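*Asks:* The primary structure of each chain is shown beneath.
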Amino acid sequence: MAGNDLPGALAGIRVVELASEASAYAGLMLAGMGAEVIVVEPPEGHHSRGFEPFLDDEAGPERSLWWWHYNASKLGVTLDLGEEGDRDRFRSLVGTADVVLESERPGRLADLGIDHDTLRADHPELIWVSLTPFGRTGPRSQEESIDLTVLAAGGPVWSCGYDDHAIPPQRGGGNQGYQTGSVFAVLSAQTALLARDRTGQGQFVDVSLHAAANVTTEFASVQWLVAGEEVQRQTGRHAAVEPTTFTRALSVDDIDVNTGFPPRSARDFAVVVEWMESLGLKDQFEEFFFLEMGTQLEEDLHLSQIGQDPEVTAMFGAAREAVRFIAQNITAHEFFIGAQERGLAVGIIYSPEEVLADPHFQERGFPVEVEHEDLGRSFTYVGAPYIAPKSPYRVRHRAPHIGEHNHLLA
Amino acid sequence: MKSEALSHIRICDFTGQLAGAGATRWMAAFGAEIIRVEDPARLGKWDVLRGTSPFVDERRGHEFGGCFNNHNVEKLGITLNLRTDKGKDLLTELIAECDAVTENFAAGVLERLGFGYDRLREIKPDILYVSNCGFGHAGPYRKYKTWGPIVQACCGLTFTSGLPDMPSAGWGYSYMDHHGGNFMAMAIMAGLIHRSRTGEGQWIDMSCTDAGATMLGPAVLDYTVNGRPLRRDGMPYSNRSQFPAMAPHGIYEADGHDAWLALAARDEGDWHAIAELIGIDDRRFADLAGRLAHEDDLDDAVRAWTSKRDRFEAAAELQAVGVPAAGVAKPVDRVDNDANTEAWGLWPTVTHGEMGRVRVDGIPAHFSDTDWVLERGGPLLGQHNRQILGGLLGYSDADLADLAAEGVI
Chain A
1 MAGNDLPGAL AGIRVVELAS EASAYAGLML AGMGAEVIVV EPPEGHHSRG FEPFLDDEAG
61 PERSLWWWHY NASKLGVTLD LGEEGDRDRF RSLVGTADVV LESERPGRLA DLGIDHDTLR
121 ADHPELIWVS LTPFGRTGPR SQEESIDLTV LAAGGPVWSC GYDDHAIPPQ RGGGNQGYQT
181 GSVFAVLSAQ TALLARDRTG QGQFVDVSLH AAANVTTEFA SVQWLVAGEE VQRQTGRHAA
241 VEPTTFTRAL SVDDIDVNTG FPPRSARDFA VVVEWMESLG LKDQFEEFFF LEMGTQLEED
301 LHLSQIGQDP EVTAMFGAAR EAVRFIAQNI TAHEFFIGAQ ERGLAVGIIY SPEEVLADPH
361 FQERGFPVEV EHEDLGRSFT YVGAPYIAPK SPYRVRHRAP HIGEHNHLLA
Chain B
1 MKSEALSHIR ICDFTGQLAG AGATRWMAAF GAEIIRVEDP ARLGKWDVLR GTSPFVDERR
61 GHEFGGCFNN HNVEKLGITL NLRTDKGKDL LTELIAECDA VTENFAAGVL ERLGFGYDRL
121 REIKPDILYV SNCGFGHAGP YRKYKTWGPI VQACCGLTFT SGLPDMPSAG WGYSYMDHHG
181 GNFMAMAIMA GLIHRSRTGE GQWIDMSCTD AGATMLGPAV LDYTVNGRPL RRDGMPYSNR
241 SQFPAMAPHG IYEADGHDAW LALAARDEGD WHAIAELIGI DDRRFADLAG RLAHEDDLDD
301 AVRAWTSKRD RFEAAAELQA VGVPAAGVAK PVDRVDNDAN TEAWGLWPTV THGEMGRVRV
361 DGIPAHFSDT DWVLERGGPL LGQHNRQILG GLLGYSDADL ADLAAEGVI
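For the protein sequence lines, the chains are A and B, in the order given.
Each residue of the first sequence is one higher than the one before, counting from 1 in our numbering.
Each residue of the second sequence is one higher than the one before, counting from 1 in our numbering.
Some hints could be false.
For lysine-lysine, the following DSS-like pairs were computed, each having C-alpha atoms within a straight-line distance of at most 30 Å [as the list claims (entries may be wrong)]:
id, chain 1, residue 1, chain 2, residue 2
1, A, Lys-390, B, Lys-45
2, B, Lys-86, B, Lys-45
3, B, Lys-145, A, Lys-390
4, B, Lys-86, A, Lys-390
Calculated from the model, a selection of chain A residues having no Cβ within reach of chain B, i.e. all distances over 12 Å [stated by the list, open to error]:
id, residue
5, Gly-45
6, Arg-91
7, Gly-107
8, Asp-111
9, Asp-122
10, Val-129
11, Asp-163
12, His-165
13, Ile-167
14, Leu-279
15, Glu-299
16, Gly-307
17, Ile-330
18, Gly-403
Residues of chain B clear of chain A, computed beta-carbon distances all greater than 10 Å [what the hints assert, rightly or not]:
id, residue
19, Arg-83
20, Asp-210
21, Ala-398
Since the hints were derived computationally from the structure, they do not count as laboratory data.
All values reported here derive from a predicted model rather than from experimental measurement.
Just so it is clear, CB atoms sit at the ideal spot from N, CA and C, and this is done for glycine as well.
Take the sequences, apply the hints, and build the full model.
*Replies:* The following block contains the structure:
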């Protein structure tokens, strides 16, 4: 699918984005889908140009890899919104846009006379997506917030961490609080565009990072809403009301794997027996007898039988240990491929950079080369979340320099 | 009352679990007509959540899965036995009336049921087909099986969460089932926008693992540009902030059982406010470089203050001096005791045909003109057979009775 130069689904849609670390991922996605995204920075550049990591570890406004990633495929202009002349230019720019995307503190743009309420009368077809920590009107709407506090206040952190609760709960890496809000900002823009197809009218959309985190916690919220039960965090597995058993093993190359659900059908047991024998591990595994017993099962084991029926409990336990034992005796990749080829769902715990070399990502054209003609080099970026042959998602070009596309301003 | 935003869109929906059902959930909330097709012979259990916990009371069975209700609010449900020719005929008639067909089966399942993309196109040339599975329909792993934790492991997300010299903590829930659904909704709506502009349908091949891998961009660039892997000594350390560097930045012990406080200094202004509030005066911490070099000691100093305080009171003190801080919210804190989620209407109550009134996840966006509506619970098995097979496709009640007797619906 690589090399598909067709226009994206949002070709012809212009998005004006006020630069922000919260909405940057939303702008990136919209640009990847083919929208012309113009990111508006202050004249000195947005402060996220000062975010690590930097090209060759040297700071500089055009060297932030954070900026490069989140602003790829966008065009860049500079405006000083504190100056009336630039506010007029902003108004003109907005007049050419289909969508405005911004994460300003509630009230700031109204104070400057460039908020949606002020501009809507002249641009009834304009869609305005605001992405703020707590939404625009709630009692917490003026709180200070960053990715860490979004995830702490919004629920995800409570569910992540270790069995040992003396260790603090963990925030997953990679700005997921901002990105989760951004994903909903993208869905909002798309929904409003589809609605506009029918009505011709734009509208205002108020997206909350805190609300986005709150409804992205799977069982933690639903368990409480439905049954009034509180989940507890566990190392490497779902936070749960009742503790569950391990799903991890460390392979011989020191890479963790997820061992999945233990085998529970005769077919699964037969697969584990065959695999163990082919690796020559049979004699080292004391409970092999129980695996062979499993191959004679007429009905699949059921989790509810554990602890009730001693034979079932032994088979379950042996199967779980057997999969872990295999994982501990081969490389992580051999384990992942070996299990999946045998129909057992397990995972390899890649670090982010290891993903790109994996044959799955290679064959789907996921890593993409982005030309940095200013440096005379090109670099590998992460690519598309899905393959859409008629309206491809693409990383179109490198992120803009400060004010690189100021010619777009009237 | 329904949202009008997507009321012109009708989808023939085979999604299940969360990674698929989450996609059409968003669209249903905004008024799209989402018609879930389920298997009457197996009581709809190709979505196992139909019968799994949590439960509202002691009742069990395929109408009582709490997550199923949560993930399928505002959708319609019909039953079709696709092992039968009549079931296939009915599905064919339904697809002809739809804008899109959506599914998150393992790769190849819908094709084996006789409804691969080529067949869908025969039925309706401009149909949009969006498939979603862990590794997608193309590539060497297309036959592999996944669920949330495996997707998260294979795309790099699991690794990013945790402490140095410890196994990764990972995500304590299926984060990528949520975003699998969200990215699938993104793919569906992108496909619909393209179709509305060009008249063209297509098959969009969505892979949850690929979607997850788009969410770790800066870490990947640090490797591809600077050659620095995240798998290295001392990393990851996910409660600290590397991109951008900040210190302090962490989750600290507070007073009470399993009580924690998150706080961070975004800049020197935040740091001075923190230092003054909690009374830290140590020359080693005078600038960011010093605080990063002595981060363990800095964290100890912060902890000495936080550990004696209630997490919410301490957060309020820090907020009062302009510092980002928040108590780590337990479910009760954010669902029942948060003025902001209440003001948002974040936990609406829907009415389910068997469970009655149940609270569900709301939508984290409010639209000024065509806002979401969540009132109806997830569909009972075959609840809307009459509305769809009768109202839309024109079958009489007598026809439906025959179809039911023959095991078709």
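*Asks:* Would you list, in rising numerical order, the hints stated earlier that this structure does not obey?
*Replies:* Hint check: 1, 4, 10, 11, 12, 13, 20 fail, others pass.
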